[in-house]
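Trainee: Now that you have both chains on their own, put them together as the hints suggest.
As a plain string of letters, each chain reads:
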Amino acid sequence: MSVGENTESPSSNEDTRRWFLNAMISFFGAVTALGVAYPVGMYLWPRERKVKGGGKRSMKIPLNDIHVGGAKFIRFLNKPTVVLRPSETQVSALSAICTHLGCVVKFKEASGELQCPCHGGRFDSSGKVLGGPPPAPLVSFPVRIDGEYIVVEEA
Amino acid sequence: MEKETLVFGPVKITNKYLIQGFNLINDRFGIKELLDDEVFEKIAPGHLGLWSCFGGISFFIFMMQVVTGLLLMIYYQPNIDVAHASITKIMNEVPFGWLMRGMHAWGANLMIVTILIHMSKIYVSGIYKAPRELNWIVGVHLFLLTTGLAFSGYLLPWTQLAYWATVVGTETPAAVPYIGEYIRYAMRGGEEIGQVTLTRFFAIHVCILPLVTAGAIGAHLVQIRRQGIAGPC
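As they're listed, the protein sequences go chains V and X. For the first sequence, the positions run 1 to 155 when the numbering used here is used. For the second sequence, the positions run 1 to 233 when the numbering used here is used.
There may be inaccurate statements among the hints.
Which chain V residues face chain X? A few, computed with CB under 7 Å, are given here [to be verified]:
id	residue
1	PRO39
2	MET42
3	TYR43
Rather than coming from a laboratory, the hints here were simulated on the basis of the structure. Note that the structure is predicted; figures quoted are calculated from it, not measured. We treat Cβ as the ideally placed atom computed from N, Cα and C, and that holds for glycine.
Bound-form chain X, shown alone (with noise of 0.2 Å):
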């Protein structure tokens, strides 16, 4: 009797668990013909270089703040008596806190690297054009959000770098015309920078900014598979 296999591109299946498991899922969701269109016999253009890679690199470096900024959380207090002593703590006492504090930190400044060097790829050959025209506008507001997520989470260590990073940058909106002072008003949720500015930057950046990105790379990823990669330019 000839042994049953599943087939995903190069992979051949052999197990009967694993394909017991798979036909489990793809007997209600038929989602082999999906993952075959889409994964396994998709075939990616071959003028495809380095310079190409960086936006996949970008949303590399997203999942990885994802990962390890939820594995922050378990530790960091969001209260400005003892913000920096759960850093401290992280640092010092959690095993691998370092590893954990050290890929978050560097992931976000490595994040606004590797975009910048995605957006200057698209730029430079032209790859914005129609009908791509919308995508390099949600990329746009994805390195903005990217931005915004920098901004946000560099509050919350609560040093005084922080700190007075934090006066400046809520300080610069003040100087819109008419609306300044109200932008500040709300950035800071006071006057002062304290608990509240704390609060609801930790807010912003552990929940409301990263959903709203997650929307957009989504976003991005569809219009990439509904218009295909740009040809060679």
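Here chain V stands alone, though its shape is the one from the complex (with noise of 0.2 Å):
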């Protein structure tokens, strides 16, 4: 080394400035690599819950929730479904989607029928199809008044 010449040790500087990168560019590879890995795992994993038993899985409601001539919506196997109760004795469990192009159904206490607010379809407390363009009756569960409670079981 020369008189005069800056005696710093460039290698060192320039290990520091390189490790520094180095870090970055793993760091940053790394979460892209994530971002891409979680979406595409998620995707891919099966999804199908296995149910406890083998039984069917079902919902309990209490009874006084739903007076004589009302509805109640829940969300039964985390889709919309209403349970409707035309008679003191009569209960039924309809999935609340619209059989025409999926839209959630209303209802109408009125007249006791579930009116689609999209292309105005109505079915009636059993779920048949009384007017407008849905080509099938709403999806029907099991469902019976058992007690203080109305459960819903799956189909």
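Mentor: Now the structure itself:
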């Protein structure tokens, strides 16, 4: 090394910068890789949940929640579902997804009908089509009154 | 003792396991020289700008279409009774299914745009001239293959839009004199659009056209490498 030259070792300086850049590249590379791996992994992983004991999934609603002639919207099997009580001893549980184009139906208490707000499909309390474009009745679930509760079961 | 290093252009690798792993391959296939010549020590011409990037961008989108397409095939069912339901399931129930389908659908549209920009650049700059005429011809075929992929993929969701687009798209070649009727018959797999049509469009979309396109892309890239990138015009 000649006199007057910068005595600070350039290699150590460069090493520090190199280390920093390598660390940054590795870090952001890892973040990017995770950002791709997570959605793809979640997408590929099967989601069908096993029912314990092999039985069917069911849901209990207090009978008092629904007055005679009324209806209650619930989330059953992770989908909008409506439970209706047209008379004291009669209950029905229907998928609230319109069979026409998949909108969620509304309950009209005055007529006791389910109506679809999208294209005016109409269903009675058993899910039968009364009018409008729906090609099929609403999917219904087995349901019964069990003491103080209404029990809805997976079909 | 001096530390062993592996040099790829600006990248220096000192990790002995990475070096051992690379040598495992390199000792048998001698890829270091090839990688240096074709990738790491290769100098791109200085006149390349934004407009020169669209061929590469199109290729990148093609690779994205392959990846997202393979992922969509995991859940899609090519059956006219359940095809639309399986798409709805991908969109609403499968985690990130909306992302995969969105990327695939948007990628399809963007790929047409980037290819048209790429073709415009090649045309305006006169890069299609000798000795690159053959590559222009391969490129035009690649564009046609891409529109074929777009058309065949459009039917797969089995929506009203998809169905009627295919009615129109198969009716158009029927106007060709003498053989038009036969083209329509072959495309539909019968007189009407139905399950047979969906099955053959599915096979064409996910297997036949992607393989042909990948081969044509290979031919396109080999010619670029042999002829070099065109100079400033």
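Trainee: Checking each numbered hint in turn, tell me which of them this model violates, lowest number first.
Mentor: When the structure is compared with the hints, none of them turns out to be violated.
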